[in-house]
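Chemist: For reference, the chains in residue letters:
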Amino acid sequence: MNDRDELYRRLFRTSLLIRLVEERVIELYPSDRIQSPVHLSIGQEAVAVGVCDALRADDLVFATYRSHAFYVAKGGRLDAMFAELYGRMGGVSKGKAGSMHLSAPEVGLMGSSAVVASTIPHAVGAAHSFKRRSDSRIAIAVFGDGATEEGVYHECLNFAALMKVPVLFICEDNGLAVHSHRPVRQSYTLQKHAATFGIASRRLDEGWDMLAVREATMAAAAKVRAGEPFVLEIATSRYKEHVGTGEDFHFGYRTSDDTDAWKRRDPLIIDQQLVESLRPELECEIAEAVAFAERSPSPGRAELLTDII
Amino acid sequence: MNDRDELYRRLFRTSLLIRLVEERVIELYPSDRIQSPVHLSIGQEAVAVGVCDALRADDLVFATYRSHAFYVAKGGRLDAMFAELYGRMGGVSKGKAGSMHLSAPEVGLMGSSAVVASTIPHAVGAAHSFKRRSDSRIAIAVFGDGATEEGVYHECLNFAALMKVPVLFICEDNGLAVHSHRPVRQSYTLQKHAATFGIASRRLDEGWDMLAVREATMAAAAKVRAGEPFVLEIATSRYKEHVGTGEDFHFGYRTSDDTDAWKRRDPLIIDQQLVESLRPELECEIAEAVAFAERSPSPGRAELLTDII
Amino acid sequence: MLSYANALLETMDGGLAAHPNAFIMGQGVDDFKGIFGSVTDLAKKYGSQRVFDVPLMEEGMTGIAIGAALVGDYPITTHIRADFSFLAMNQILNLASKYHYMFGGIMSCPMLIRLVVGRSWGQGAQHSQSPQATFAHYPGLTVIMPATSQAIVDMYPQIINRHRGPVISIEHRLLYNLDFSVSDSGKRVPLTSYVAREGRDVTVVATSVMVVEALRAAQYVQEKAGIEAEIIDLNSISHPDWDLVAESVRKTGRLVIADTSWLEYGVAAEVCRQLVLRDPGLLRSPPSMLGMAPAPCPTAKSLEDIYYPSQHETVDAILTQVRGVGHDIALPTEKSMTEGYRRFRGPF
Amino acid sequence: MLSYANALLETMDGGLAAHPNAFIMGQGVDDFKGIFGSVTDLAKKYGSQRVFDVPLMEEGMTGIAIGAALVGDYPITTHIRADFSFLAMNQILNLASKYHYMFGGIMSCPMLIRLVVGRSWGQGAQHSQSPQATFAHYPGLTVIMPATSQAIVDMYPQIINRHRGPVISIEHRLLYNLDFSVSDSGKRVPLTSYVAREGRDVTVVATSVMVVEALRAAQYVQEKAGIEAEIIDLNSISHPDWDLVAESVRKTGRLVIADTSWLEYGVAAEVCRQLVLRDPGLLRSPPSMLGMAPAPCPTAKSLEDIYYPSQHETVDAILTQVRGVGHDIALPTEKSMTEGYRRFRGPF
Ligand SMILES: Cc1ncc(C[n+]2csc(CCOP(=O)(O)OP(=O)(O)O)c2C)c(N)n1
Ligand SMILES: Cc1ncc(C[n+]2csc(CCOP(=O)(O)OP(=O)(O)O)c2C)c(N)n1
Ligand SMILES: [Mg+2]
Ligand SMILES: [Mg+2]
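Line by line, the protein sequences give chains A, B, C and D.
Reminder that position 73 of the first sequence reads as 73 in my numbering, one-by-one numbering, no gaps.
Reminder that position 95 of the second sequence reads as 95 in my numbering, one-by-one numbering, no gaps.
Reminder that position 38 of the third sequence reads as 38 in my numbering, one-by-one numbering, no gaps.
Reminder that position 38 of the fourth sequence reads as 38 in my numbering, one-by-one numbering, no gaps.
Misleading hints may appear alongside valid ones.
Said to hold, decoys possible - Derived pair list, reagent style SDA-like, types lysine to any residue, alpha-carbon separation capped at 25 Å: (1) D/Lys44 - B/Val178; (2) A/Lys240 - A/Ile286; (3) B/Lys131 - C/Asn21; (4) C/Lys251 - C/Gly326; (5) C/Lys44 - A/Thr255; (6) A/Lys192 - B/Gln191; (7) B/Lys131 - C/Asp41; (8) B/Lys240 - B/Gly175; (9) C/Lys33 - A/Gly244; (10) D/Lys33 - B/Val184; (11) B/Lys192 - A/Pro183; (12) B/Lys240 - B/Asp257; (13) B/Lys164 - C/Pro20; (14) B/Lys164 - B/Lys192; (15) C/Lys44 - A/Asp248; (16) D/Lys33 - B/Val243; (17) D/Lys251 - C/Leu277; (18) B/Lys263 - B/Arg279; (19) B/Lys164 - B/Gly198; (20) A/Lys131 - D/Ala43; (21) B/Lys240 - D/Phe32; (22) A/Lys240 - C/Phe32; (23) B/Lys131 - B/Asp53; (24) B/Lys240 - B/Arg182; (25) C/Lys33 - C/Met1; (26) A/Lys164 - D/Ala43; (27) D/Lys44 - D/Glu10; (28) C/Lys45 - C/Asn21; (29) A/Lys164 - A/Ser134; (30) A/Lys192 - B/Lys164; (31) D/Lys44 - B/Ser256; (32) B/Lys240 - B/Arg254.
Claimed, not checked - Here are the computed distance ranges between Cβ atoms for each label pair: (33) C/Arg162 - B/Arg265: 51 to 57 Å; (34) B/Asp135 - A/Ile269: 49 to 55 Å; (35) A/Lys164 - B/Arg301: 53 to 59 Å; (36) B/Glu283 - D/Gln222: 51 to 57 Å; (37) B/Ser134 - C/Val195: 45 to 51 Å; (38) C/Arg164 - A/Gly75: 55 to 61 Å; (39) B/Ile26 - D/Phe32: 20 to 26 Å; (40) A/Val184 - B/Ser134: 18 to 24 Å.
None of these hints come from the bench; they were simulated from the model.
The beta carbon of each residue, even a glycine, is placed where N, CA and C say it ideally should be.
Take the sequences, apply the hints, and build the full model.
Modeler: Here it is, written out as structure tokens:
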């Protein structure tokens with residue numbers, strides 16, 4: 001196996017892990033063991049995997065409520081994740097965070113927020129600190145296409161450009177904000193918009209392609225590490241409903257055509273052989289994580305008022 | 001006297017009126033009869049005058065704390081203005097508003113806010129209503145260069161472009177936000193930025209030239225009335241300190257060179273003959289307004305809790 | 001019987017029908033979920049000029065609403081979680097609430113801002129806040145918390161038809177699916193407080209979903225202990241009928257306050273202030289107070305259940321007020337208030 | 001003697017000197033006005049990496065501060081008027097206040113947000129707000145209102161050195177130019193309340209500039225009527241020493257509350273809640289309450305003067321508590337509190 005194959009296999013493995021994790025979430029959901037809203041990344045895995053693989057392990061990612069994929073891709077522990085989704089003491093945040101607020105600071109996932117666009121300035125601030133401290137790390141703001149409509153995005157681009165902040169803006173463009181399509185929400189394109197601030201950018205249409213995402217991110221990250229912000233927009237596709245575990249084509253706001261076209265290129269669907277060869281091992285990992293979550297106790301009254309200040 | 005001369009004289013007269021009004025404010029200030037912060041437009045008069053003269057009388061302007069000039073240019077009553085600055089019952093708002101919040105809805109000045117950028121969405125909202133009601137009026141958002149840094153400006157441009165809102169964005173670019181120069185605050189230029197939203201724009205460097213401002217505004221307003229937002233950025237120069245009635249060159253953050261260059265082109269300085277021919281009449285108007293203010297009673301306890309809801 | 005969601009839909013529909021200048025804007029107002037059913041299909045009925053989706057732009061949207069109101073339109077905006085209104089705080093507190101007074105009465109911003117409070121099924125810290133006290137602190141705003149379909153049917157048309165200032169209505173997500181009987185009497189309750197249940201033994205001042213909870217608890221204590229709780233639905237948070245509250249407390253001498261937010265600097269605090277202002281002797285003993293625990297809202301079910309006051313605790317508070325600590329009346333078996341809404345699992 | 005502005009400058013300087021990771025950002029922090037003298041020349045001393053101007057971007061700046069805090073820096077941000085912090089409300093309430101708890105203790109945002117409250121000389125509705133109650137309602141925030149140079153010297157180093165969460169410090173513009181004696185004892189008052197003056201006849205619970213006002217009034221009533229007012233500087237709004245307040249009221253039986261904001265849903269309300277929670281019998285009669293009139297702040301001097309509680313009224317409130325309505329002690333001639341600060345005419 002050559003390097004390229006090995007790389008592909010590694011990325012594929014992580015992508016598949018994410019998909020299987022979320023499929024497990026779907027299976028578990030009707031049992032009410034995960035009692036919280038879940039925003040699945042099924043269809044979007046390649047973005048998280050390609051991006052995180054291109055980063056240094058100690059670079060920091062700031063994410064959104066749709067954060068399972070980035071959590072896993074950045075190397076977060078699976079057992080702590082399932083326990084978190086279950087709302088258990090073994091969870092990353094003892095169950096206080098849940099699906100919308102995964103984090104794994106030990107591997108550089110610095111929080112996820114359920115308020116759209118709200119972690120973008122955090123990445124800018126962290127990166128700005130790195131620069132001030134001559135720390136070679138960079139920070140990555142991950143957000144959806146809808147997040148760019150919020151005023152704070154504009155403020156952040158301006159600041160990052162002015163101060164030459166080593167921050168990488170990653171837009172996961174699934175074309176949707178809940179049920180609203182991008183053209184009814186945006187009169188701009190991200191690249192031209194970034195250019196007005198003097199920020200270099202790239203759009204990658206092949207967001208299903210983990211290797212392409214990885215390469216684009218490596219190139220972008222290199223520029224960022226050299227001392228410039230960068231906007232990388234990656235097209236992707238959300239197979240499931242905005243929140244929850246079902247499909248939503250029957251509601252009429254979109255048809256399955258969009259996702260079907262995507263699925264035809266989705267390695268996790270096309271490359272069934274590789275899927276099947278990896279599946280047993282990954283399912284075993286997941287089963288262990290789920291078992292850990294099941295065993296983990298629920299937080300008790302003592303936790304209610306701890307860690308407030 | 002031909003049309004052009006007459007037009008020039010009209011614009012000049014209003015500009016001079018504004019300057020004399022503000023110079024009167026400067027004279028009065030040490031007497032403590034105007035007990036509130038004042039943000040003078042001395043040096044910037046041509047913008048307000050050129051813009052307002054180009055509008056229809058029933059078009060609506062939404063302004064900022066630096067609003068004396070737009071108040072006068074739009075046709076607000078002078079006596080009600082001085083009474084307002086004095087905090088008297090005869091004021092536009094019975095003294096509750098003061099210098100930072102002039103308005104004159106009867107002539108289309110729909111409020112001024114002391115929070116930077118905060119009336120920009122008001123203009124968009126009013127214009128959007130006009131469009132919905134097939135009302136041929138347009139709305140004008142007046143703001144400083146600093147205001148464009150606030151996220152809400154981005155939100156407003158996007159919305160205005162998406163919905164084809166008949167709003168005219170007027171940026172009074174005096175190059176300063178309090179004591180901060182534009183380059184340390186902005187990594188973008190307004191025109192390129194507007195273009196990313198598909199919004200047409202123009203920058204006018206000759207902001208001292210009332211006729212040029214008027215023409216640029218007429219052209220812009222025509223486009224807006226036809227159903228498109230437009231950004232018109234007009235360079236100008238603030239002769240006085242940010243707030244207050246003094247000069248501030250001795251503080252070192254700027255030199256008088258910037259304003260000196262401007263003053264050499266300022267019609268109100270160059271055309272002393274016209275100034276002197278108009279002055280007596282205008283000073284008489286102002287004296288009457290001041291006398292009105294002096295006579296006007298202060299609001300009493302009965303006003304304290306009226307008009308809250 | 002009319003569900004809370006349908007009461008909203010009816011009054012939104014009625015508002016648009018009666019007022020050509022009324023319009024609704026918010027994220028997703030024209031989608032199939034229709035803000036939890038409260039505006040479903042209105043975009044189809046009234047067109048995209050009157051009911052329209054907006055980008056993510058809470059501050060901008062609120063300012064746009066103000067601008068529309070200033071030229072005579074009646075804007076209705078929505079936030080599917082009250083927490084998102086914090087992005088619009090500048091326009092709400094610095095502009096909308098001030099415009100009428102600041103301009104000496106010559107400007108008005110009649111408008112309705114609808115906020116939905118999230119609770120249960122792991123909404124977590126950022127989808128669960130209930131900012132009534134925050135808004136009610138600022139003069140110029142009218143802040144209401146309709147607790148029933150009747151409250152909506154009574155208040156919304158009146159607000160849209162006649163109220164000249166900005167109104168913040170805080171609706172509770174858990175109420176949306178509940179059915180209430182509604183009388184069509186055409187009576188118009190002013191935007192203030194009212195007695196939701198009469199009683200002589202103890203006064204319960206409650207807001208929003210806690211009114212429903214208090215009514216359940218009142219029924220229980222009546223059946224088990226013959227205690228008659230008087231329940232006051234505060235309803236208006238900015239302009240409650242404090243005399244009504246004080247009279248009730250004067251009668252009963254005992255008080256339970258049940259609010260949907262934190263107690264600290266919250267509704268419970270203002271209730272106490274109003275009472276001691278009138279007469280510190282009104283209360284025979286310290287009141288009981290029910291609200292969110294003094295922490296951000298945890299996501300885990302086990303914590304969420306104890307984070308909010310349960311039916312158990314509501315009943316216990318009433319019993320303790322009347323019979324004292326250590327009363328020996330059995331508490332209801334359902335521990336968590338959310339048990340009463342067991343089926344709530346989204347849609348969000 | 002140390003002016004409030006100089007106390008701020010000293011502690012800002014000390015914070016930067018002691019902590020290589022501390023930095024200050026805000027609009028105009030590096031200009032010649034230096035946030036009313038509180039950071040003057042620090043940009044020169046520490047360089048533009050440590051003290052820097054930012055564009056107009058309150059929400060963005062606050063988020064940037066959070067990001068810096070998350071990676072171990074100590075950010076200090078400034079707002080020359082508290083009103084502008086409403087543009088950053090989302091980052092403050094939804095993010096900063098929640099991060100530690102929401103992530104189960106593994107994230108921390110130690111940071112200091114400095115807000116300056118404007119008053120007098122026609123600040124008007126949008127430059128005069130004092131949002132302590134708004135912030136203190138939200139768990140996770142520490143909200144303080146230093147009333148003297150001593151409070152700053154005692155608290156700021158402790159906050160910057162040791163406090164692990166976000167702190168909102170609400171400074172009052174009228175205090176900036178006042179001189180206070182400061183003891184260099186090295187004693188560290190915890191972030192809570194303390195007795196600013198002992199007395200047996202009436203308790204005055206005050207915040208910020210109202211502490212200074214209350215001290216003036218206490219002196220007056222002592223001289224004119226031999227009344228000894230006990231004054232409690234609440235100091236911490238989020239974590240006051242309520243037992244201290246209750247003990248004082250138990251001793252005096254009479255209460256005046258003097259706050260810088262509106263009474264409704266404000267500090268006065270929470271004081272009342274805490275007292276009735278402990279014992280409704282603590283108060284012999286209704287307390288007197290001083291705060292802003294329930295309206296946006298008017299600009300006209302004649303209205304502004306009656307909008308805020310005057311020294312006249314503060315004295316009257318104390319006398320009325322002790323001697324009853326209709327006491328016949330002469331009130332001070334200076335009617336308006338702002339007379340005491342007659343020289344305040346900017347700089348803004
Ligand atoms: C400030 C804010 N406004 C509204 C919402 C409700 N909301 C949740 S997700 C979402 C859409 C976001 O779209 P996008 O940024 O593209 O992310 P995606 O969900 O597609 O990954 C909205 C409007 C929110 N969470 N926060
Ligand atoms: C939201 C907000 N932030 C900060 C301020 C303080 N402030 C008042 S004027 C000003 C500068 C605004 O500059 P610009 O928009 O260019 O207007 P100019 O004063 O130059 O006319 C600032 C920062 C404010 N009033 N509002
Ligand atoms: Mg999206
Ligand atoms: Mg400017």
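Chemist: Take the hints in turn and mark each one as holding or not.
Modeler: For each hint, the structure was consulted:
Distance hint between D/Lys44 and B/Val178 is fulfilled; the C-alpha atoms sit about 19 Å from each other, no more than 25 Å. Restraint check for A/Lys240 and A/Ile286: satisfied, since their Cα atoms lie roughly 21 Å apart, inside the 25 Å limit. The suggested pairing of B/Lys131 with C/Asn21 holds, with an alpha-carbon distance near 12 Å, which does not exceed 25 Å. Simply put, C/Lys251 and C/Gly326 have alpha-carbon atoms about 24 Å apart, close enough for the 25 Å limit, and the pair holds.
A C-alpha spacing of about 20 Å is found between C/Lys44 and A/Thr255, which places the hinted pair at or below 25 Å, so the restraint holds. The straight-line distance between the Cα atoms of A/Lys192 and B/Gln191 is roughly 13 Å, inside the 25 Å bound, and the hint therefore holds. The straight-line distance between the Cα atoms of B/Lys131 and C/Asp41 is roughly 23 Å, inside the 25 Å bound, and the hint therefore holds. For a cut-off of 25 Å, the pair hint linking B/Lys240 to B/Gly175 stands: about 13 Å separates their Cα positions.
Restraint check for C/Lys33 and A/Gly244: satisfied, since their Cα atoms lie roughly 14 Å apart, inside the 25 Å limit. Using a Cα cut-off of 25 Å, the hinted pair D/Lys33 and B/Val184 holds, with the two alpha carbons roughly 18 Å apart. Our distance criterion of 25 Å between C-alpha atoms is met by B/Lys192 and A/Pro183, whose separation comes to about 21 Å. Only pairs whose Cα atoms come within 25 Å are accepted, and B/Lys240 paired with B/Asp257 is accepted, the gap being roughly 13 Å.
Between B/Lys164 and C/Pro20 the CA atoms are separated by roughly 21 Å; this keeps the pair inside 25 Å, and the hint holds. A threshold of 25 Å between alpha carbons decides the hint, and for B/Lys164 with B/Lys192 the separation of about 19 Å falls inside it, so the pair holds. Among the hinted pairs, C/Lys44 with A/Asp248 is consistent with the structure: their alpha-carbon atoms are about 20 Å apart, no more than 25 Å. The suggested pairing of D/Lys33 with B/Val243 holds, with an alpha-carbon distance near 12 Å, which does not exceed 25 Å.
For the hint linking D/Lys251 to C/Leu277, the alpha-carbon distance of about 20 Å falls within 25 Å, and the restraint holds. At most 25 Å may separate the alpha-carbon atoms for a hinted pair to count; B/Lys263 and B/Arg279 meet this at roughly 19 Å. Of the supplied pair hints, the one linking B/Lys164 and B/Gly198 holds, its CA atoms being roughly 10 Å apart against a limit of 25 Å. For a cut-off of 25 Å, the pair hint linking A/Lys131 to D/Ala43 stands: about 18 Å separates their Cα positions.
Among the hinted pairs, B/Lys240 with D/Phe32 is consistent with the structure: their alpha-carbon atoms are about 16 Å apart, no more than 25 Å. Under the criterion of a C-alpha separation no larger than 25 Å, the hint pairing A/Lys240 with C/Phe32 is consistent with the structure, at around 16 Å. Between B/Lys131 and B/Asp53, the direct Cα distance comes to roughly 22 Å. Compliance with the 25 Å bound is thereby established for this hinted pair. Among the hinted pairs, B/Lys240 with B/Arg182 is consistent with the structure: their alpha-carbon atoms are about 17 Å apart, no more than 25 Å.
Our distance criterion of 25 Å between C-alpha atoms is met by C/Lys33 and C/Met1, whose separation comes to about 22 Å. For the hint pairing A/Lys164 with D/Ala43, the CA-to-CA distance comes to about 19 Å; that is within 25 Å, so the pair holds. With a CA separation close to 15 Å, the supplied pair D/Lys44 and D/Glu10 stays within the 25 Å bound. Of the supplied pair hints, the one linking C/Lys45 and C/Asn21 holds, its CA atoms being roughly 15 Å apart against a limit of 25 Å.
At most 25 Å may separate the alpha-carbon atoms for a hinted pair to count; A/Lys164 and A/Ser134 meet this at roughly 13 Å. For the suggested pair A/Lys192 and B/Lys164, the alpha carbons sit about 20 Å apart, so the restraint of at most 25 Å is met. For the hint pairing D/Lys44 with B/Ser256, the CA-to-CA distance comes to about 23 Å; that is within 25 Å, so the pair holds. Using a Cα cut-off of 25 Å, the hinted pair B/Lys240 and B/Arg254 holds, with the two alpha carbons roughly 11 Å apart.
Restraint check, C/Arg162 to B/Arg265: a C-beta distance of roughly 55 Å satisfies the suggested window 51 to 57 Å. Range check, B/Asp135 to A/Ile269: about 54 Å between beta-carbon atoms, so the 49 to 55 Å window is met. A hinted range of 53 to 59 Å for the beta carbons of A/Lys164 and B/Arg301 is consistent with their spacing of about 57 Å. Between B/Glu283 and D/Gln222 the C-beta distance comes to about 55 Å, which sits within the given range of 51 to 57 Å.
Take B/Ser134 and C/Val195: their Cβ atoms lie about 48 Å apart, and the range 45 to 51 Å holds. Take C/Arg164 and A/Gly75: their Cβ atoms lie about 57 Å apart, and the range 55 to 61 Å holds. In this structure the supplied range 20 to 26 Å holds for B/Ile26 paired with D/Phe32, their Cβ-Cβ distance being about 21 Å. The hinted window of 18 to 24 Å between A/Val184 and B/Ser134 holds, with their beta carbons roughly 22 Å apart.
Taken one by one, the earlier hints all hold for this structure without exception.
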